[in-house]
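S.K.: Residue-level listing of the chains:
Number of protein chains: 2
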Amino acid sequence: MNNFNWKILNKSLKFKARTGIIETPNGQIKTPAFIFCATKGALKSISVEEANRCDTQIILSNTYHLMLQPGSKIIAEHGGIHNFMNWKKPILTDSGGFQIFSLGHGSVADEIKRKNSSNKNKSLLKIVEEGALFRSYIDGSNHLLTPEKSIEIQRDIGADLILVFDECTPFHVDKKYTEISMQRSHRWSKRSVNSFNHKSCFKPAHGSAGPQALYGIIQGGIYKDLRDESVDYNLKNNFFGLAIGGTLGSSKEEMYDVVNYTSNRLNEDSPVHLLGIGDPQDIWRLIKCGIDTFDCVSPTRLARHGAVLIKTKLGKLNIKNSIFKDDLSPLAEKCFCSTCNNYSKSYIHHLFKCNELLGFQLISIHNIYFMNHLMSTIRTAIDNDNLVKAEAEWYSD
Amino acid sequence: MNNFNWKILNKSLKFKARTGIIETPNGQIKTPAFIFCATKGALKSISVEEANRCDTQIILSNTYHLMLQPGSKIIAEHGGIHNFMNWKKPILTDSGGFQIFSLGHGSVADEIKRKNSSNKNKSLLKIVEEGALFRSYIDGSNHLLTPEKSIEIQRDIGADLILVFDECTPFHVDKKYTEISMQRSHRWSKRSVNSFNHKSCFKPAHGSAGPQALYGIIQGGIYKDLRDESVDYNLKNNFFGLAIGGTLGSSKEEMYDVVNYTSNRLNEDSPVHLLGIGDPQDIWRLIKCGIDTFDCVSPTRLARHGAVLIKTKLGKLNIKNSIFKDDLSPLAEKCFCSTCNNYSKSYIHHLFKCNELLGFQLISIHNIYFMNHLMSTIRTAIDNDNLVKAEAEWYSD
Numbered sequence: 181m182n183n184f185n186w187k188i189l190n191k192s193l194k195f196k197a198r199t200g201i202i203e204t205p206n207g208q209i210k211t212p213a214f215i216f217c218a219t220k221g222a223l224k225s226i227s228v229e230e231a232n233r234c235d236t237q238i239i240l241s242n243t244y245h246l247m248l249q250p251g252s253k254i255i256a257e258h259g260g261i262h263n264f265m266n267w268k269k270p271i272l273t274d275s276g277g278f279q280i281f282s283l284g285h286g287s288v289a290d291e292i293k294r295k296n297s298s299n300k301n302k303s304l305l306k307i308v309e310e311g312a313l314f315r316s317y318i319d320g321s322n323h324l325l326t327p328e329k330s331i332e333i334q335r336d337i338g339a340d341l342i343l344v345f346d347e348c349t350p351f352h353v354d355k356k357y358t359e360i361s362m363q364r365s366h367r368w369s370k371r372s373v374n375s376f377n378h379k380s381c382f383k384p385a386h387g388s389a390g391p392q393a394l395y396g397i398i399q400g401g402i403y404k405d406l407r408d409e410s411v412d413y414n415l416k417n418n419f420f421g422l423a424i425g426g427t428l429g430s431s432k433e434e435m436y437d438v439v440n441y442t443s444n445r446l447n448e449d450s451p452v453h454l455l456g457i458g459d460p461q462d463i464w465r466l467i468k469c470g471i472d473t474f475d476c477v478s479p480t481r482l483a484r485h486g487a488v489l490i491k492t493k494l495g496k497l498n499i500k501n502s503i504f505k506d507d508l509s510p511l512a513e514k515c516f517c518s519t520c521n522n523y524s525k526s527y528i529h530h531l532f533k534c535n536e537l538l539g540f541q542l543i544s545i546h547n548i549y550f551m552n553h554l555m556s557t558i559r560t561a562i563d564n565d566n567l568v569k570a571e572a573e574w575y576s577d
Numbered sequence: 181m182n183n184f185n186w187k188i189l190n191k192s193l194k195f196k197a198r199t200g201i202i203e204t205p206n207g208q209i210k211t212p213a214f215i216f217c218a219t220k221g222a223l224k225s226i227s228v229e230e231a232n233r234c235d236t237q238i239i240l241s242n243t244y245h246l247m248l249q250p251g252s253k254i255i256a257e258h259g260g261i262h263n264f265m266n267w268k269k270p271i272l273t274d275s276g277g278f279q280i281f282s283l284g285h286g287s288v289a290d291e292i293k294r295k296n297s298s299n300k301n302k303s304l305l306k307i308v309e310e311g312a313l314f315r316s317y318i319d320g321s322n323h324l325l326t327p328e329k330s331i332e333i334q335r336d337i338g339a340d341l342i343l344v345f346d347e348c349t350p351f352h353v354d355k356k357y358t359e360i361s362m363q364r365s366h367r368w369s370k371r372s373v374n375s376f377n378h379k380s381c382f383k384p385a386h387g388s389a390g391p392q393a394l395y396g397i398i399q400g401g402i403y404k405d406l407r408d409e410s411v412d413y414n415l416k417n418n419f420f421g422l423a424i425g426g427t428l429g430s431s432k433e434e435m436y437d438v439v440n441y442t443s444n445r446l447n448e449d450s451p452v453h454l455l456g457i458g459d460p461q462d463i464w465r466l467i468k469c470g471i472d473t474f475d476c477v478s479p480t481r482l483a484r485h486g487a488v489l490i491k492t493k494l495g496k497l498n499i500k501n502s503i504f505k506d507d508l509s510p511l512a513e514k515c516f517c518s519t520c521n522n523y524s525k526s527y528i529h530h531l532f533k534c535n536e537l538l539g540f541q542l543i544s545i546h547n548i549y550f551m552n553h554l555m556s557t558i559r560t561a562i563d564n565d566n567l568v569k570a571e572a573e574w575y576s577d
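Chains C and W, in that order, are what the protein sequence lines are.
Numbering-wise (my numbering), the first sequence opens with residue 181 and increments by one.
Numbering-wise (my numbering), the second sequence opens with residue 181 and increments by one.
If you're looking for bench data, these hints aren't it; they were derived computationally from the structure.
Where hints are given, some of them may not hold.
Some chain W residues judged to face chain C by a derived CB distance under 8 Å, without partners named [unchecked claim]: (1) Ser227; (2) Glu257; (3) Ser526; (4) His530; (5) Cys534.
The structure presented is a predicted model; accordingly, all values stated were derived computationally and were not measured.
Backbone N, C-alpha and C fix where the C-beta goes; we use that ideal spot for every residue, glycine too.
Starting from the given sequences, assemble the full structure and let the hints guide the process.
M.R.: Written out as structure tokens, the structure is:
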């Protein structure tokens, strides 16, 4: 695990919150940090240069999407994803598990988090001990993704932080299935570790990837005894980092409870990632459980719908609302992003009215800057041990 | 005409080509120059910051689109279009005439240039001495645009260079109609000049616009005697600049002939703009007739279709072609744009395959840089009086 390091800098006295630094060969990540989604090797609608100017520390890309298009070998030929997409700072890839199962069960992330299954568009064909058989959403071809194959693909892609292959259990299954699935995920995790430790067997064609660090994933759904069992499994395996995966329940309170319970059982040896959470209110709450990194598509997805992140409990405004037609003020007062420095709500409202793609860019810049500013505010508050005050100020600012 | 100046720097001995400088309150334009279209107050898919980094000197926006959405008063409230869209260099607006008539006759620019009329989607309702009555493409409401109204709107918008209101005659009409239309356009031009000279009557609500300079438009279609008459009218009226408008015929040779004939009758007192031409081969040919500025939507429109401008007679490549799937080379060798510096054809091919908007941006950056590099190469060639050699080198580069 050369080139990688995790250290805690400061800890809150009242909460489990902490600041820290994850060191990677492509630079360090100050935690708590937000990881922005470049699902298919691109941040939706904005350039990596813009993301960099917004103080972005780390992005993630999805093994599932990249293995299907353009294929991991093409990324390896570029010398890895940092070169491919021109992002020279840390990158994380997931294992492909989340998408196979979330798309596979007929819906997307919401389904994993709390919604019931629908039967349409199921692309997951079969789960066997060997791995998961699914149908490509691009051309209908069948693919078997195994732990070994996931690690090999992630090696080709060449992100800094990579994840073990797991089944992401949805909410609608019962405890029995959650347990069976968790135990299979542990076996898959073990096979992922073995592949990772012998990854020299899988050297990419053009020797792309530098060193990588592996995250384990804690399963167990909403069942505390299963979460215990999965924490025990993961702690035994000396992962560089740990991610809390699987369903987190059907309500925000249940999510807080599952995350709090799980993270309370973790030690300080690893950074902890929470998959798929990006609501600022959730982040204020969950950093208090000791979560170090979050990822979510929300900042850029919201932007494409005209939703602007703001410092209120409501959390956003809709720029398409006609009240902004001649509002000359910036998206947010006291925001220092380049969009707020240079453009009015009226102008961006106009861009959305006439379908100019620049509108997506300008709000994406604001939303990304907003999330990075949120995380920086949180880090300062932890360092000063005044989280409660800082959170109150955030909303009254 | 304070704050505006036109001077010729160097002239080709063999051709009518010249380099010059147009000075405006928002900076100078080295000519020959290309003007990029920000039709609705935004460069399609890229930010003005990117356009600036690509050495862009001047952009244009369309009165017709802006008067309908967001309306010129909202732009005036921002202190004019430079503030509205955050472009602090020169801007030109057309008078609205071109769009009313090109959209009005049931098609767009191609129709004006060479194609026959189709009857569908006609939005032009009536041309009367007072002005042109048309139906909004946004909400179906009726609008009467007159010369006075066009100048008032352009005053509110506040571009540096503005145009008289004219009827843009299509190709399919006969000589008689072209003559009637031209003479009406001259009367409209005269009314535009009167409005422009008394524009203090039309002070925008928040006093947005600084000084502006007015361009006349030379009509006459493909008929040399009519072009003569229109040149005479325009030269008598002391416009700051002159634009060659109306139909330019049904073939490239006819276009060269019309432009050459018309520009040969012009003196050196004004910069000459050619409306709607953006093909590099046409530009190499037409600067030799003394054209100083060109505008066209092509660089960004082509980009959105995956077409990359390159230095060949063919002029472009299609990045969506599967031969680029694993082509690690940049869009163009020896190109110094940020796209070519940082990304491979393979990556941009991938972006188009998976519908990532970033693909539009990256090719737009290249195409805009390419056009600015073309114009800069042409200016150097005129200064060195070696146009023929420079053009041959351009294609063999």
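S.K.: All hints are to be evaluated individually against the structure, with a verdict given for each.
M.R.: Here is what the structure says about each hint:
1. At a threshold of 8 Å, the smallest CB-CB gap from Ser227/W to chain C is about 6 Å, leaving the interface hint in force.
2. Annotation: Glu257/W was flagged as interfacial toward chain C, and the flag holds, the nearest CB pair being 6 Å apart, inside 8 Å.
3. Hint status for Ser526/W: holds, given a least beta-carbon distance of 6 Å to chain C, under 8 Å.
4. At its closest, the beta carbon of His530/W sits 4 Å from a beta carbon of chain C; the interface hint therefore holds under the 8 Å criterion.
5. The restraint placing Cys534/W at the interface with chain C holds, with a minimum CB-CB distance near 5 Å, inside the 8 Å limit.
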